[in-house]
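Asker: Chains as they are written, first to last, in the working numbering: chain R, 7 to 130; chain G, 423 to 1270; chain V, 376 to 576.
Simulated from the structure, these hints should not be mistaken for laboratory data.
For every residue, glycine included, the Cβ atom is placed at its ideal position computed from N, Cα and C.
Mixed in with the good hints there might be a few duds.
[Unchecked claim] One-sided and incomplete, this derived list gives chain G residues near chain R with beta-carbon spacing under 8 Å:
(1) L686
(2) L745
(3) M751
(4) E801
(5) E802
(6) K804
(7) I809
(8) Q816
(9) L857
(10) E860
(11) H1162
[To be verified] The list that follows gives simulated cross-link-like pairs (lysine-lysine, DSBU-like), each with its CA atoms no further than 30 Å apart:
(12) G:K977 - R:K93
(13) G:K468 - G:K779
(14) G:K674 - G:K977
(15) G:K684 - G:K977
(16) R:K77 - G:K793
(17) R:K93 - V:K472
(18) V:K393 - R:K122
(19) G:K473 - G:K692
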Amino acid sequence: MSKSILIADDAPIIRLMLKDIITPLGYQIVAEAANGEEAIQKYKEFKPDLVTMDIIMPIKNGIEALSEILKLNPKAKVLMISAIDQKEYLTKAIKIGATDYIVKPFEEAKVQIAIKKALGDHKL
Amino acid sequence: MTENNNSSNNNKLISENDRREMLADFLIDCEVLLKTLNDKLLICEKTICSKGLLADEDVDSMFRAAHSIKGAASFIGLDNIVKLTHEMENILQKIKIKQLVLDENIFNVLFKAFDKLDALFTRTKETSFDDGDIEKEVKDILNVLELKNSNSNTTDNNEKYIQQYYVETIQNIDDFNNQLLNYEKNKDNKNVIDNLFRITHTIKGSSGLLKIHDAHKVSHSMENILNYARTTGKILDNLYISALFAAIDIIKDIATSAYYKKPLTSNIAKIIEELEKLNLIIDDNTNSVDISNDIVEKRIAELTSENKDIVKISLQLEGNLELKGMKGMLLQEKLSRIHEIFLMTPTIEMLDKKDFKNDFTIIFLCNAHTKENDKASVEEIKNLLNIDGVTSIQIEKNNNLNQPYSQQQQQTQHNQIEISTIKVDSNKIDTLLNLSGELVILRAKFSQLLFRLKEEHLKSKELVNIIDDLKNKNIKSFDHSKLDGLDKKFDFKNITQIINTFDETTSSLGKMASEIQTGVMQTRMIPIEGIFNRFKRTVRDISHELNKKIELVTKGEETELDKKIIDSLGEPLTHMIRNAADHGIEDRETRIAAGKPEQGTIYLSASHKGNSICIEVADDGKGIDHQKVFKSAISKGVISEEKAQMMSKEDILNLIFLPGFSTANKVTGISGRGVGMDVVKTMINSVNGIVEINTEVGSGTSFLLKIPLTLAIIQALNVVVGAEVYSIPIESVVEIIKVHPFDIYSVDGNETVKLREHALSLIELYKVIHTKKPIDINKKIDVKSIVVITDGQKQVGLVIDDLIGKDEMVIKSLSEHFGHVKGITGASILGDGRIALILDPLNIIKEI
Amino acid sequence: MNESKNIKFNKTVQLITKMSLDMASVVFSKLTKTDAKIIIDKIYSDDISNISENMNKNSKEVMASLVNLVGDTPMKFLFMVPLNDSLKLTDLILEKKIGTHNEFNMYVESSVQEIGNIMASAICNVFVTTCKIKLVPAPPIVMKDFSSTIFQEYTFDLAMEQNEMLVVESHFDLTNCGINCSLFLLPYLESNKILSSIEGL
């Protein structure tokens, strides 16, 4: 059974890009969310192996969503998606317990490696 | 009169007559020794005034003079002199081992003590007792010694180590120079960079330990540069190499000034500034986030001593990561949730700060036990830290961390080497050498005693014969029974046996003394390789300076020389090599035009020949044009035109050794000391060596130095002239000839003979040196024996009366006691106790 | 309010601004996987009326991303791409054949939105690291309209406060694609004062 992934980003194009990048890896995109609140909901519902979380989102931002999800499951794997200048948010995310992060604009290969490593599928 | 009571105790052991005799000897010997002390003290005074360096030999000879006086005085019971010289000896000893620096104050104390000593001596001459009050002088000396002790109890430790630091650092500097020269030629060699780094690291360490801050700073900067090359594999360009050469020279200066307690001669601030600039370039260019290995190792050591179990995690990360500091923080965050972190380098701030593009490394030191008190699992840590951007992870646990691998390797290597060599203070060897020399002399005395004993033995044989005769004759009124007893009492056979054994033992003693002496001399022999290698650096520097391509080719590096000689060869050889590079080797265009290879070569070779060392300095340059020398000499007024006209080509060439001569019109950066070959010749002569020139215009020049193997023992030809025995060093002897009176003719008032196409001037020794005129000077002898001697250039015939033969002569430090006696370099003792004066052929020939 | 006519960025601020534009073009290139070259960049100040007039002259239909840069030195950021080109951009971003997208759906809109967001982030980043100030992009707004209209609406509040405007104008050309887009960076006058007076600049 392939591993499941939840994509949370308020920009449809980004969700689409990520889908295109992740699907070839053999993982299943089980759900998408366009804001933080939706992300939390979908996490509860699908319990994915990994979440890709955009930081800036309406209703609840990625940091808050991260925090809630970790409360639900301290071992949750969440990959933050950040723009280059969002250092403060990113720092917060890291301190709360984000698994890793990638910076926009991203390269396909890098995103793939980051996701595989987060899922423990890329050994050194 | 307390002194007398003490002396009278000693006098119980020796009779009044003996005392008088010994006193007479003492007075004669000490007259000379006191003069030595006086002379050397005056030299010290001059040195202090001019803020120069006190020569080790001068201090040494003062020490030995005081020591000898003390020894002799103690035999006779001159206690005041003994006490005073003992204290003087103490001060001189401390100055000798550099625990005390001779300043004005100490000099005054010493000189006053000497004055007192002189007064006591005069007193002894007059009254045969050394009455006098030495309290003040002794007290002053003790004050100095104590002051030194109380003041520098903390620096005392430093003093102990400063000498070792100096010796080791000089060795390291030589190694460094060699390695850097190698690197300059072949930059591919990674081992060389590692070696350079290691050497610099060692220098840094020991400098830090002794708190020699400047050396520590400079070596630290050098280490940075070398570490950069070492870890990135980048090649250092000439800018860096020049800076490293300059830096190692600075370190040499600093070490020398620390040891000799002299101020620095170079401007270190400038070099430090340049090094720092280069360090900054390195920082900017690349992986400036330098993991300071020092810090890591230090922390490991600290933690280990606190009995903590540690894990060292090294992560390599991609250089193109956008938010490096962030990545570092993420790693730190993840790790710290499970393990306590003791050290992270570089820190997050450092990662954030600079903008670099290279792959980089982060090192964590953390507790081997998790926060839940489980043991760390290498797998788990790897999985935890394997995030985007991390390309590899290495994890090491406690045991391997205590000593970095490379250090361990070095240790074993070191141990292996240490088994075969030990470092010995050269002062100790000097002492041994002196003692072994005395042993040889003692043995000669034994021989002499044996000789006399044998004479007595012969006489007693006579006596035995007479007794036998008497026994056989029947003389009335003589009680024969007495004669019977005599036989038994006087066991002639026994005495003969004893004498034979004595003979054998003396022989053995002689052999042993010789072997000990040879053995000790061997310890002072070191291969000339050391200074040859230094010259490689010199040639490299000069060729850069003069913009010529010059290579130094060496041969015979394994040739061993006495250390003293090597030390005194340094300057003359440097001088000659510089000359060869500067004036000998032509510039590139000239060489190519002449059909020579663009690169000039300087040859340096050393070899043993008989009792001498031959060192050749040759070049394939333009040679010395004797006509130019001729013209230059005349124009400089060094020699008159008439005299010059009469000179042969060799003679003209030898003019370059005259002071005031130099065809070079400007001083080209030569070390500021005396310019000119005259200085070289003087220096070579001072070790009893000679210099020969061979040159061909257009092809090159060769200087051949011949130096007697040791200063302490020479092979000499012993001859008799008049009433004295003279020893002529074998190197100076060309041949021995016999001439008939009619072969002798007069030129300019000088007697001359024709020797195979050359005119040979003859000299009568009394005309040249201070010696008695022979009694029967007017007696015309049929055939004269002539010893032809040379100073390397000229030849002269010495008229002798008798030839004794070749022998090994021990020159003792007696030579210093003679000061400047014309024509004599020293004295030695023949086996029969006669004194042989050692001739100085150079000075004698000069007189002609 | 009477501001003087010669408001200018000082030399250093000009340099930093240019650097930020360079950064913007870099991220733009990365996102579209093409080479985005800056063909014009100008830094000037003018009367608002003049600027409006110019915009009117060259008005065309565009898709725009409006991002307010918030922080110590607030600025307005405006990214505009001709309507048809926005379709091409979406294709490029998704690495699809040009012509794949033919309607202005949420993907096209969010492409322009993201471009604006990412470029604004890059520009903020440069200012932050060089001037050590706080500056972050607010969530972007996407508009589809005539460029002059968009410009006027966007700069309405600026016009209320100032008669003049500082404009950083840049036009990009995506090589081999024939796509031209424009970018406007409009700092508030106060912001320029603050930037110019930062020590060490």
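Asker: A separate judgement is required for each hint: does it hold in the structure or not?
Answerer: Hints, verified against the model:
1. Annotation: interface hint on L686 (chain G) violated; nearest CB of chain R at approximately 50 Å, more than 8 Å.
2. With its C-beta approaching chain R no nearer than about 6 Å, L745 (chain G) sits inside the 8 Å limit, and its interface hint holds.
3. A least Cβ separation of about 6 Å between M751 (chain G) and chain R falls short of the 8 Å threshold, and the interface hint therefore holds.
4. For E801 (chain G), the shortest C-beta to C-beta distance to chain R is roughly 10 Å, which exceeds 8 Å, and the interface hint is violated.
5. A cut of 8 Å between beta carbons decides the hint on E802 (chain G): the least distance to chain R is about 11 Å, and the hint is violated.
6. Restraint check, K804 (chain G) versus chain R: the minimum CB separation of about 7 Å is within 8 Å; hint holds.
7. For I809 (chain G), the suggested interface contact is upheld, since its CB lies about 4 Å from the closest CB of chain R, less than 8 Å.
8. For the restraint placing Q816 (chain G) at the interface with chain R, the shortest Cβ-Cβ distance is roughly 10 Å, beyond the 8 Å limit, so the hint is violated.
9. The interface hint given for L857 (chain G) is violated, since its Cβ lies 70 Å from the closest Cβ of chain R, which is over the 8 Å cut-off.
10. Against a cut-off of 8 Å between C-beta atoms, the interface hint on E860 (chain G) is violated, since the closest Cβ of chain R lies about 75 Å away.
11. For H1162 (chain G), the interface hint is violated, the least distance from its beta-carbon to any beta-carbon of chain R being 101 Å, above 8 Å.
12. In summary, the hint linking K977 (chain G) to K93 (chain R) is not supported, as the alpha carbons are separated by about 67 Å, beyond the 30 Å threshold.
13. About 62 Å separates the Cα atoms of K468 (chain G) and K779 (chain G), which puts this hinted pair outside 30 Å; it is violated.
14. With a C-alpha separation of about 27 Å, the suggested pair K674 (chain G) and K977 (chain G) falls inside the 30 Å cut-off, and the hint holds.
15. Simply put, K684 (chain G) and K977 (chain G) have alpha-carbon atoms about 36 Å apart, too far for the 30 Å limit, and the pair is violated.
16. Straight-line distance between C-alpha atoms of K77 (chain R) and K793 (chain G) comes to about 21 Å, which keeps the hinted pair within the 30 Å bound.
17. Of the supplied pair hints, the one linking K93 (chain R) and K472 (chain V) is violated, its CA atoms being roughly 35 Å apart against a limit of 30 Å.
18. The straight-line distance between the Cα atoms of K393 (chain V) and K122 (chain R) is roughly 38 Å, outside the 30 Å bound, and the hint therefore fails.
19. Distance hint between K473 (chain G) and K692 (chain G) is fulfilled; the C-alpha atoms sit about 25 Å from each other, no more than 30 Å.
Going down the numbered hints, you'll see the structure goes against 1, 4, 5, 8, 9, 10, 11, 12, 13, 15, 17, 18, while the others check out.
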